[in-house]
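Peer 1: If you're matching positions, the sequence shown starts at 1 in the working numbering and goes up one per residue.
Any given hint could be a false lead.
FRET-style restraints, in silico, Cβ to Cβ [stated by the list, open to error]:
1) P229 <-> T88: 17 to 27 Å
2) V214 <-> A35: 40 to 50 Å
3) M181 <-> W208: 29 to 39 Å
4) V214 <-> W112: 15 to 25 Å
5) Q207 <-> L228: 20 to 30 Å
6) G129 <-> A18: 26 to 36 Å
7) N57 <-> V15: 37 to 47 Å
8) N57 <-> S116: 39 to 49 Å
9) V29 <-> P133: 39 to 49 Å
No wet-lab data here; the hints were simulated from the structure.
All C-beta atoms, glycine included, are put in the ideal place defined by N, C-alpha and C.
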Amino acid sequence: MSGSWNSSAPWLWLVASATIAVTSVSAAVLRRWSAWHALSGVAAGVLIGAAASSLRNPLSSMASYTAALMVLNLWVPPLLLASVPASTWASWRGVPAPAAARGLAGWLLDPWVAASVFVLLSVMVSLPGIFEPALVNALFSAPLGIAELCSGLLFWCQLFRCLRAIRHDWQAGLFVLLGTMPMMAVAVVWMFSQNVLYMPYLNVICQWNVPPLVDQHWAGFVMLFAGLPLQIVGMWRLAGLGSVQRAAAG
């Protein structure tokens, strides 16, 4: 079963990638949305497809595998959310729905839920007991990628005014900066550790023929770099620059 999943999982990611891109373009044409929404959806699809190759063989490079997880967690979610106009998100939130559906939507958009899922996943992924099985078995690595994508969507929702439950911009900015601190801490540990932290990499010459410790340091840098856009958006919200810009435009 593991072997068949190893070979089929990348294709599932590629199918999802193509579906997202085609759906975004079709929606933009049929609903006359802006071309930027279509481009956001296509970009999200391309990034998902690019991440699929690194998810297939995590042992080839810790840096490449980390890059794939970070792309799914930090870069794809805002593009997916931006592929739908804010007015459409707002109208969907106002559609009458069964109580159970409204309760589930309210729970998923709750900032405490988003922060808890995002922070716990950031910390848990760095634990050897969780990260090591994902390195040696695609039965773990593919679901881990899906979990990263879902947690990123929940977290990024709190930065979109049409979706977030947080009232003020500065609160959203503080929410982001505090929520990303554990991930940044993990990145620093990987960058400056003097030992290889994960057993499967101990006797492996990684991609580009680099020692595993160097590859681990690169993985920490990749995680730190991948988190910069989210950090910048958080500081932008915290400083209230978005509100100033809207006031000037008005």
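Peer 1: Does each hint hold? Answer for all of them.
Peer 2: Hints, one by one, checked against the model:
In this structure the hint that P229 and T88 lie 17 to 27 Å apart at CB holds, the actual value being about 24 Å. Separation of V214 from A35 is about 42 Å and conforms to the stated range, judged on CB atoms against 40 to 50 Å. Under the hint 29 to 39 Å, the C-beta atoms of M181 and W208, about 30 Å apart, fit the expected range. Taken as a hint, the range 15 to 25 Å is violated for the pair V214 and W112, whose Cβ atoms sit roughly 39 Å apart.
Our hint of 20 to 30 Å for Q207 and L228 holds, since their Cβ atoms are close to 23 Å apart. With their beta carbons about 35 Å apart, G129 and A18 fall inside the hinted range of 26 to 36 Å. Under the hint 37 to 47 Å, the C-beta atoms of N57 and V15, about 19 Å apart, miss the expected range. The given range of 39 to 49 Å is broken by N57 and S116, whose C-beta atoms sit roughly 31 Å from each other.
Judged by the Cβ atoms, the range 39 to 49 Å given for V29 and P133 holds: they are separated by roughly 43 Å.
Violated hints, listed in ascending order, are 4, 7, 8; each of the other numbered hints is respected by the structure.
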